[in-house]
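Asker: The chain contents come next:
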Amino acid sequence: MLTLSSLTAGYGPVTALEDVSLTAREGEITAVLGANGAGKTTLLRTVSGLHRASSGTIDLGGTRLESVAAEKMPRLGLAHVPEGRGVITELTVEENLRLGGLGRGGRVSAADLTRIYDLFPVLGDRSAALASTLSGGERQMLVIGRALMARPTMLLLDEPSLGLAPRIVAQIFGLVRTLVREEGLSVLLVEQNARSALSVADHGVVLNLGRVVADAPADELAGDDQLRHAYLGF
Amino acid sequence: MQQFLNTALSGLTLGMVYAAFALALVLIWRSTRIVNFAQAPMAMLTTFVALVVIDAGHSYWLGFVAALVSGLVLGAVLERVVIRPVEGKAEINAVILTLGLFIVLHGLAAVVFGNRYRSFPAPFGLEGLTVGSTTIALNGFGIFTIVSVLVVMGLLVALFRFTDVGLRMRASAFNSEVARLLGVKVGAMLTLGWALASLVGSLAGLLIAGGSLVHPSYMDSVVVFGFVAAVLGGLDSPLGAVVGGLILGLSLSFVSGYVGSQLVALAALVILMLVLTLKPGGLFAQAAERRV
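In order, the protein sequences belong to chains A and B. If you read the first sequence in our numbering, its first letter stands for residue 124, the second for the next number, and so on. If you read the second sequence in our numbering, its first letter stands for residue 23, the second for the next number, and so on.
Rather than coming from a laboratory, the hints here were simulated on the basis of the structure.
Listed next, the in silico DSS-like pairs over lysine-lysine satisfying Cα-Cα at most 27 Å (straight line): (1) Lys207/B x Lys111/B; (2) Lys195/A x Lys207/B; (3) Lys111/B x Lys195/A.
Construct the entire structure; sequences and hints are all you get.
Answerer: Set out below in structure tokens:
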């Protein structure tokens, strides 16, 4: 379980997150929604240690994270899939995956790779190809697969639907749902695409200008017309 | 024909040294976007370490190893102490620091080892080998030069391609933020990169010094040739550095043999200008886009 309490963070004089508290429960998908600039990406970057909070606490299953370095997160069970599909294009598909596995510490076994290739057969077919040759959807599968190589308990997903065809988005969200159901993974999902995100999430939190304006079960948020029109744009 | 062959052979030997030096520059450039102007005096210092060991009565080989190990340590220490504090700032800061290091290391060597020429031994004969009845311009030390550079390059390729550390180093160089998210200690990888670059630079220093004279500034012209070779290869590509070094070594050898040795430095600059004009990305520029 990931709990943020009164988290405040910013860039110089600009405040990006103000007094944000939310919980991503175990075995659930928690969606963080909001318009561009609402603070969603800053939220994930602060949780994973790429950005420092100016105040507040972050707790992952009893471990305080707010002053832990980003490179230590994989060993604590936290995996962050960054926005813009951060594949390392100069490495092959398999090298990207191996890199993910190394984050846990210790060696990467063939079984680890096979597990990911079973989840994403297209990656198995292209394992020796440079990641730069993959399509947008394949890249998204690769970064999720790479994060799973470290066997995380909490997965942070930043805008996985960005720039992808609706069919691919549905496929990726379906797969995330399966992982949550079958492996007990917990997911904190940041999305601008609120309609798709709420259709897959258990719980939703709406951010506006760095503040939490709604925090409720996903179906409740999807049914709140006023909120949808004001903040979610559908 | 014989002159052609001999010019080519000495160009090949020289080219291998330039290749090693260019590789040292490329290793640092591609992970940090810094041209390490201090590479030459770093290599010079470690060659003096070898000279101290050899002058103390130990074998050439102990001196050789001492120089390589001190190169490794020197690279790591300089990265940690001098370069690390300006990491994340504009790259020009670090480049100016390497220029400062250039001057400081020079002065240091002059104070400690004396500002004079000293002869440096070679482990193999410097007599040209004889093929049939003719003597060719390839001697035992030349063969050692070629072989040792090839061995070091082979080891580096193996490290980068086939080991976990090499994978982490490449990931840090290509995308440091993503590498951090995947648990790579990017800082440690940068230190290791500097250490390895400095080791390769030390090797180039030893090979230039062998059977010749050393002086606090004996490597300074090599930094120019090494830089031209690295630019020729595209600065980003280790393979490009090697090919660039060989092309430059051969070209300069032919200029020296057929036109005149006074024109070597000029020829290097002409090659640099031609590359920057005709193919600014270098011969081996990566086609893949780099995110800004």
